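Asks: Sequence:
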Amino acid sequence: MTEKYMEDGETYTEEWKTEVCKHPVILDIFSYLFKTNDRSVAPSQKTENELDKIYEEFFRNISNAAKKFHELGADGLEEWVTVQDGLNLMNSMLYQLFPDMNSKRERIETYKIVNQMFWGEYFYHHGVDGAKRVGKTDELSVWQIAKMFAEDYWKFGEEEFMPTFALGVEFVEKHIQENLEPEKKLELIQNLLVRFGYSEDAKNGFMFFLGGSILLPRTKDDVENLQIAREQISKFDINEEYEQLLGPLRDIYLQRHFEEFVWRLGVELEPRKIPIPNSDVEVSEFEFKNHKTLDETDTKIETYFEREDFLNRMLVGIGKELSSNDYDLRQSFKAGICFFNVKAQVDANCTTEILRAVNGSLTPIIDFITMVGRSPTDVFDGYLDIQISLYTIIRVHSEEFCKVLWGFQSFVFYKDQKEIVGVSELNVSEFQEHCRGMVIEYLSVTDPALLQAVAEKKEHLDMFPRIVSGIDERESFELAFRDAFGEMKPEGYHGDVHVKSLIIYSYFNVICETILSSPEQVTIQ
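The working numbering puts the first residue of the sequence shown at 3, with every later residue one more than the last.
Read the hints as simulated data drawn from the structure, not as lab findings.
Keep in mind that this is a model prediction, so the values were computed, not measured.
Where a beta carbon is used, it is the ideal one built from N, C-alpha and C, also for glycine.
Mixed in with the good hints there might be a few duds.
What the hints assert, rightly or not - FRET-style restraints, in silico, Cβ to Cβ:
# : residue 1 : residue 2 : range
1 : R220      : D54       : 22 to 30 angstroms
2 : N193      : V83       : 21 to 29 angstroms
3 : G494      : E443      : 28 to 36 angstroms
4 : K24       : L53       : 21 to 29 angstroms
Let the hints inform the model, and build the full structure from the sequences given.
Replies: Right, dumping it as structure tokens:
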């Protein structure tokens, strides 16, 4: 194996330089620089115009190199260290051969651009491949899938990208943002709401809520991103439009939907007490109780399906008020921003906690579309509908748990890397039986040690039964499913998607319980 560094641990050996320069991804860049310098390694003087042309052609070769690296396919994962060293070496060579290049741009700045272009375009080429597989042709989808590819394959199990890869991801994110014009972002959200079968009233109710959610940063870093995301949906001056937007709406009626939902969640919030001048009377902006706006009963939300039911009622109820005044999605979004801004001026803490409570109680698809709305760049597509719901459900788990579960769901939807036609369209009973059958197949080909490592961490729900030879566990599964999520009552297509994603999640819990029992052989009855 060629020694990479000299004794100082930083300088490349001549043998390593030679090997790197001969790499097929790097060779054309090296040949261009060497040829342009009259096949000499001695520094040369060039005119400003000549330097401009050299710089431009250098980056044309970087772009071509990204394409060649993409053509390596999976082998690229084995070759990236050599290629990265090659990019570093070629950048240094550019400045060694043409020292006047420093007057145009410093070497370190050029190296940053090299990595942005090389890794960004490399990810882009994989985005093109992925977009073709799911029948997408628009640039936004290509760049979104490019980001997904980078996330899936180039973090190497770490939380963050390596610095040079991160520059490429920045390049991708910039192009995503450029393609997310206000009309496109709003259209994307609308298409998702239509795709999952939400009614017109529910769509308007969601946009009103999103207007509030987009005001709520989770971290300091969120503030700028949420501002960008907000402007991607609609740019407007709240001071100029709030009277026009809120004037036709019944303020208290809208507010009661949120108050009652929070009350049914069982979240205890203490509204600010506002003293009335010249009296002992105190009033509050909010009153958390059963206004009987969502339901006549005193039902408290205790299960997933109850939460889904009441969230849908809240969105539809709010949406009806907006629809009756002929608000479109953009107006509903802006009205939500204005509404929660006004409430925050009276009781900032309680307004924030209301939004937090609702944000933390969203159903998977609504949660996903909220993420899309709140993010300036992290918007992605290319997944099946049930996969989107499942992704949102499991993202609270550890990365290891998610990776192994994602392997199981691949068995549910794919065979020989091709989607199994019709699985997503099965009715709930048929889908459940299909997932059950996939448990055995998955267990038969998956490394038990991998499953054992995840199961022993006890992230899964242990109420689900294990698979035991000779015992039909279906009735026990049904009981565990009801205990975990409540009585199933899906409403509309989005409800059907939620149920099926919960079934996959539940059967992964079955897998964890089964592997902990260490069966020698598992047979479904």
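Asks: Each hint should be assessed against the structure and marked as holding or not.
Replies: To see whether the hints hold, each was checked on the structure:
1. R220 - D54: 22 to 30 angstroms: 45 angstroms, violated
2. N193 - V83: 21 to 29 angstroms: 41 angstroms, violated
3. G494 - E443: 28 to 36 angstroms: With Cβ atoms ~31 angstroms apart, the hint holds.
4. K24 - L53: 21 to 29 angstroms: With a Cβ separation near 27 angstroms, K24 and L53 satisfy 21 to 29 angstroms, so the hint holds.
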